[in-house]
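From first to last, the protein sequence lines stand for chains A and B. Going by the working numbering, the first residue of the first sequence is number 391, and it counts up by one from there. Going by the working numbering, the first residue of the second sequence is number 409, and it counts up by one from there.
Quick caveat, the hints were computed from the structure, so don't treat them as lab data. Wrong hints could be hidden among the right ones.
As a list, the in silico DMTMM-like pairs of lysine to aspartate or glutamate whose alpha-carbon atoms are at most 20 Å apart [as the list claims (entries may be wrong)]: (1) B:K521 x B:D619; (2) B:K550 x A:E449; (3) B:K521 x A:E449; (4) B:K632 x A:E449; (5) B:K466 x A:E449; (6) B:K632 x B:D591; (7) B:K510 x B:E661; (8) B:K498 x A:E449; (9) B:K537 x A:E449.
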Amino acid sequence: MKKILILFILAFGFMSFTSNESVTSQTSINEDLSVENFDFKLDYIKDIACTATVTYNGEVRETFTFYASQSGGLANACTRARTAALMYILSQGGDTTGL
Amino acid sequence: MNVNNIFIFILIFPLILFSQIKESNSSSELLLVKYEHSIHMENLPTATTVNAFLRVNKYGSIYEMDFLNNSNFQKEEDSESVAIFAIKPKVNDFIYKNLVTKDIFSIQRIGMKPFLVRDSDTIFNWTIKNEFEYILGYKSQKATTTHRGRDYIAYFTTEIEFNNGPWKFGNLPGLILKVFSEDDVFKIVANEIEIRNTENEIENPYIDNIDKSISWEAFTNAYKKKSEELKHYRSPDGGVRSIPKRGIETYIED
Numbered sequence: 391m392k393k394i395l396i397l398f399i400l401a402f403g404f405m406s407f408t409s410n411e412s413v414t415s416q417t418s419i420n421e422d423l424s425v426e427n428f429d430f431k432l433d434y435i436k437d438i439a440c441t442a443t444v445t446y447n448g449e450v451r452e453t454f455t456f457y458a459s460q461s462g463g464l465a466n467a468c469t470r471a472r473t474a475a476l477m478y479i480l481s482q483g484g485d486t487t488g489l
Numbered sequence: 409m410n411v412n413n414i415f416i417f418i419l420i421f422p423l424i425l426f427s428q429i430k431e432s433n434s435s436s437e438l439l440l441v442k443y444e445h446s447i448h449m450e451n452l453p454t455a456t457t458v459n460a461f462l463r464v465n466k467y468g469s470i471y472e473m474d475f476l477n478n479s480n481f482q483k484e485e486d487s488e489s490v491a492i493f494a495i496k497p498k499v500n501d502f503i504y505k506n507l508v509t510k511d512i513f514s515i516q517r518i519g520m521k522p523f524l525v526r527d528s529d530t531i532f533n534w535t536i537k538n539e540f541e542y543i544l545g546y547k548s549q550k551a552t553t554t555h556r557g558r559d560y561i562a563y564f565t566t567e568i569e570f571n572n573g574p575w576k577f578g579n580l581p582g583l584i585l586k587v588f589s590e591d592d593v594f595k596i597v598a599n600e601i602e603i604r605n606t607e608n609e610i611e612n613p614y615i616d617n618i619d620k621s622i623s624w625e626a627f628t629n630a631y632k633k634k635s636e637e638l639k640h641y642r643s644p645d646g647g648v649r650s651i652p653k654r655g656i657e658t659y660i661e662d
C-alpha cells in the first residue's frame, strides 16, 4: 500500500511538471506567402479611366488602370482592368474562383 | 491504507503541489493580450477589423493578426463598375520583437512579394503627456508620436510589468493598451489581458529566414525602384500598373 501511495505522489508530481500548456506559436513563415485570394475593387474615374485595385489584409497592393480612349470605351476599359487584376491574382498563386 | 498513511499523504501532497507552483512563478511569466486590430485605408470604402494576439515574455514577443478568421471578408459590392471581393490569406501576419536585441521583424510587401524586414524599437520616439484614462481597469497614460507619415496617440499602463505593445509599437515605459492614428486609419485596442506562469518560450517565427532579413531603408529603396519601373510600364492593350506610396507606413516620401 505504501508503494502505491509513493507511486501516486511521484506520478502526480511528474504530471504537474509536464502539463504546462503550449502557447508558443510554431507557425513557420517561409517564402511561400502566396494567398488564396485577395480583396478586389473596381472603380472608374469620370468616364476617363477604369481602375481595378487589389488589396491584401486591408491594404492596397497594386492597381491596374485602363483609359477609355485607348480601350474603345469605358466598359471595355473596366473589363480590361478587371481582367488584368484577376491575371495578377492568378500570377501570385491566388484563387480567382467566383471573382 | 491505515490512518498513518493517509496522514502522511495529506501532509506531503500540499507540499509537493505548492512547491511546484512557487517554482513556476519564479521561472517566467507570459503576458497574453487580445486586441481589436482595425485598418481603414483612405482609398478603400470599408475597414478591415480582426482580432490580434500579443504574447510577451522577458525575451521576446509575437503579435499575431488573425486575418485567417476575418469575418469581415464578405462580398460587399459586385456590379459592372464596382466590385469588392472577400478573401482570405493562407497564413496570419506576425510581428516578432526580440526584447534583448530590440529588433522588430515583420513581413513587408512590394506588390505581393514578401520581404522580411528588420526594424529597431527606437523607431518610436514618444512624447509622454500628463493625461490619463482607464482601459480594462488599468490607469493608462497618454503618449504621442509621429511614425512614418502618421501621427499616433497611445495609452500605456505601468500597472502591468511588461514594456511592450501591439504591432510594431513599443519603446514606452509600460504596456500599450490602445493606440490609434489621428487620421483614423489605424486603430488597435486591447480587450482582454491574461498573465500565465509558463516555461514555454516565444520563438521567432522567421528564424529560418533571418539571414534574408533587410533593413527598412533597403526595403523602401527596393519599393521606390519598383514604383519607378511601373511608371514606365504599359501593357500591350494600354494598361498601366502602380503600387501605392504608402500603406499603414509611408514607403515613398513626396
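Of the numbered hints stated previously, which ones are contradicted by the structure, given in increasing order? Numbers 2, 5, 6, 7, 9, in rising order.
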